[in-house]
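Student: Kindly produce the complete structure, drawing on both the sequences and the hints.
Chain order of the listed sequences is A and B.
Everything in the first sequence is counted per numbering that gives the first Met the number 0, starting at 0 for the first residue and increasing by one.
Everything in the second sequence is counted per numbering that gives the first Met the number 0, starting at 0 for the first residue and increasing by one.
These are computed hints drawn from the structure, not numbers from a lab.
Nothing here was measured: the structure is a model prediction, and the numbers come from that model.
It cannot be assumed that every hint is accurate.
Label pairs and their computed distance ranges (CB to CB) [claimed, not checked]:
id	chain 1	residue 1	chain 2	residue 2	range
1	A	115	B	276	31 to 37 Å
2	A	17	B	174	36 to 42 Å
3	B	294	A	112	51 to 57 Å
4	B	89	A	112	44 to 50 Å
5	B	274	A	64	54 to 60 Å
6	B	73	A	21	34 to 40 Å
7	A	102	B	56	42 to 48 Å
8	A	64	B	106	27 to 33 Å
9	A	81	B	74	27 to 33 Å
10	A	81	B	44	25 to 31 Å
11	B	56	A	17	18 to 24 Å
Result set (DSBU-like, lysine-lysine): computed pairs, CA atoms no more than 30 Å apart in a straight line [to be verified]:
id	chain 1	residue 1	chain 2	residue 2
12	B	102	A	106
13	B	102	A	80
14	B	280	A	127
15	B	31	A	82
16	B	31	A	80
17	B	21	A	80
18	A	127	A	24
19	A	71	B	21
20	A	1	B	21
21	A	80	B	77
22	A	1	B	239
23	A	1	B	291
24	B	255	B	31
25	A	20	B	102
26	A	80	B	45
27	A	80	B	255
28	B	104	A	101
29	A	107	B	255
30	A	71	B	104
31	B	104	A	80
32	A	1	A	94
33	A	78	B	21
34	A	1	B	263
35	B	31	A	1
36	B	44	B	77
37	B	45	A	107
38	B	104	A	78
Beta carbons are placed, not taken as given, at the ideal position from N, Cα and C, and that holds for glycine.
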Amino acid sequence: MKKIKVLIGKPGLDGHDRGAKVISKALMEVGYEVIYTGIRRTPEEIVKMAIEEDVDAVGLSCLSGAHLDLFKKVSELLKEKGKDVLLFGGGIIPKEDIEILKNYGFKKIFTPDSSIKEIIDFLDNEFKSKVTN
Amino acid sequence: MNLNQKSLIDGILEGDRLIIGKAISLIENGEKEGFTLLKEIYPLKKDIFVLGITGPLGVGKSTFIDKIIEKLTDEFDKIGVLLCDPSSPISGGAFLGDRLRLKTKNENVFIRSMATRTFPYGISPSLPFIIDLFSASPYRNIIVETAGIGQGDVSIKNFSHLTLVLLSPLLGDEIQFLKGGLMEISDILIVTKGDYDIAEPFYKTLKNSISIFYNDLIPVYMISSSNGFGIDDVYNEIMKKRLDLFSSDKYLEREKIRRLETFKYLLKELYTKKMIEKIEKEGDFKEIEEGKINIYQKILDIIS
Chain A
0 MKKIKVLIGK PGLDGHDRGA KVISKALMEV GYEVIYTGIR RTPEEIVKMA IEEDVDAVGL
60 SCLSGAHLDL FKKVSELLKE KGKDVLLFGG GIIPKEDIEI LKNYGFKKIF TPDSSIKEII
120 DFLDNEFKSK VTN
Chain B
0 MNLNQKSLID GILEGDRLII GKAISLIENG EKEGFTLLKE IYPLKKDIFV LGITGPLGVG
60 KSTFIDKIIE KLTDEFDKIG VLLCDPSSPI SGGAFLGDRL RLKTKNENVF IRSMATRTFP
120 YGISPSLPFI IDLFSASPYR NIIVETAGIG QGDVSIKNFS HLTLVLLSPL LGDEIQFLKG
180 GLMEISDILI VTKGDYDIAE PFYKTLKNSI SIFYNDLIPV YMISSSNGFG IDDVYNEIMK
240 KRLDLFSSDK YLEREKIRRL ETFKYLLKEL YTKKMIEKIE KEGDFKEIEE GKINIYQKIL
300 DIIS
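Tutor: If you want it as structure tokens, here you go:
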């Protein structure tokens, strides 16, 4: 039976991961297999994990303000390595940056006012057809 | 063999990260393509070494692997790491949180997390097949971490060449060490969290019990993964036992067990599943639920 696997990643020098943990647990509760990277990972490490774990989606969380550089780097490395994956992100992200991140390949960016349900609905909608059983 | 399969096999032989990642998924998801692939690479298998790491939840298995891996990568060119964590019995999902402890950036290490998919005994049901997959890849020195386990979860022994059992201080008295199960499958016993004062008395009790009940046949070590205490000693013991394994009949004996157990798992995983699906399709599940079928008669019909 195909399980949908999601990597929740914390790139860069950002020690705040309560949100990433809550979302990881929430996704587990609705049937996703979630791999959590832990904090302070480099884009290279995150991409290596995404490849080895053969995940269907990568969700990046960043609260440090460095999201433009870090998210872009992850997206570029994934493409370079030939890993096709759904990208989404979240954190303290100014409105004006959301479009920029979407151009980097992030399908959706969640902000502190997003509910957990919105994130689950987003993934369910993306993967509904992929789950066979 | 089609072209797609040929490129999968080549990728596995070459150690292509992307392809191995995908191949594991095919097997994990029970897809026929995955087992056809295994069939093709079975003759291409080479000698492997599987180091099983087990113990209850929170004793520090992943953190220990983080320490030992730095030493193993000095010795071996490529290392495969398989990390099992439990699935949720409620949703079927999983929170796989082992690899966050592994800080290695070494490109020669391939790490994969595996949910137990509600299979008991602390291992993923496809673990034996993934080990076979690795044996055709360059990642032939493999570390397997079980999910946190209990006293009776001994399956890892069947698939490891060396089994390390990790225990944390205050885990019990000598009565626990008299019991069958976990103690009996350990080739090396390790007391973790040695930087705490409570570790030493526990270590002494364990060591004393093992010397009496097991004639000192199982080495016992105390370590601290946070300050590095005892890690070198455990590493040297692993290498000593590994050498002993390969320079005697022991390796062959362990391989015999692994091959047969892997086949039994195949039967359980594939044959039983097929059987269940067949019976479900025939509509018997509904009748069983409603008590209209004598399940004992049914099973006697099936096995006779």
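Student: With reference to the structure, classify each hint as holding or not holding.
Tutor: Hints and how they fare:
1. A:115 / B:276: 31 to 37 Å: The hinted range 31 to 37 Å holds for residue 115 of chain A and residue 276 of chain B, with Cβ atoms some 35 Å apart.
2. A:17 / B:174: 36 to 42 Å: 41 Å, holds
3. B:294 / A:112: 51 to 57 Å: 53 Å, holds
4. B:89 / A:112: 44 to 50 Å: Because 29 Å falls outside the window, the suggested range is violated.
5. B:274 / A:64: 54 to 60 Å: 56 Å, holds
6. B:73 / A:21: 34 to 40 Å: 39 Å, holds
7. A:102 / B:56: 42 to 48 Å: 43 Å, holds
8. A:64 / B:106: 27 to 33 Å: For residue 106 of chain B against residue 64 of chain A, whose Cβ atoms are near 30 Å apart, the range 27 to 33 Å holds.
9. A:81 / B:74: 27 to 33 Å: 31 Å, holds
10. A:81 / B:44: 25 to 31 Å: Between residue 81 of chain A and residue 44 of chain B, where Cβ atoms are some 27 Å apart, the hint holds.
11. B:56 / A:17: 18 to 24 Å: Holds, since residue 56 of chain B and residue 17 of chain A (Cβ atoms, about 22 Å apart) stay within the stated range.
12. B:102 / A:106: 29 Å, holds
13. B:102 / A:80: Answer holds: residue 102 of chain B to residue 80 of chain A is near 21 Å, not above 30 Å.
14. B:280 / A:127: Holds, because 24 Å separates the two Cα atoms, which is no more than 30 Å.
15. B:31 / A:82: 23 Å, holds
16. B:31 / A:80: Roughly 27 Å between the alpha carbons, so the hint for residue 31 of chain B and residue 80 of chain A holds.
17. B:21 / A:80: 14 Å, holds
18. A:127 / A:24: Distance of about 20 Å is within 30 Å: holds.
19. A:71 / B:21: 24 Å, holds
20. A:1 / B:21: 12 Å, holds
21. A:80 / B:77: 20 Å, holds
22. A:1 / B:239: 41 Å, violated
23. A:1 / B:291: Outside the cut-off at roughly 33 Å; violated.
24. B:255 / B:31: At roughly 25 Å apart (the allowed maximum being 30 Å), residue 31 of chain B and residue 255 of chain B satisfy the hint.
25. A:20 / B:102: 19 Å, holds
26. A:80 / B:45: It holds: about 28 Å lies between the C-alpha atoms, which stays within 30 Å.
27. A:80 / B:255: Status violated; Cα separation ~39 Å.
28. B:104 / A:101: 29 Å, holds
29. A:107 / B:255: Not OK: residue 107 of chain A and residue 255 of chain B at ~51 Å, beyond 30 Å, violated.
30. A:71 / B:104: Distance of about 20 Å is within 30 Å: holds.
31. B:104 / A:80: 17 Å, holds
32. A:1 / A:94: 36 Å, violated
33. A:78 / B:21: 16 Å, holds
34. A:1 / B:263: Holds: residue 1 of chain A and residue 263 of chain B sit about 23 Å apart, inside 30 Å.
35. B:31 / A:1: With Cα atoms ~12 Å apart, residue 31 of chain B and residue 1 of chain A stay inside 30 Å; holds.
36. B:44 / B:77: 16 Å, holds
37. B:45 / A:107: Cα-Cα ~45 Å, so violated.
38. B:104 / A:78: Within the cut-off at roughly 20 Å; holds.
The earlier numbered hints that this structure contradicts are 4, 22, 23, 27, 29, 32, 37.
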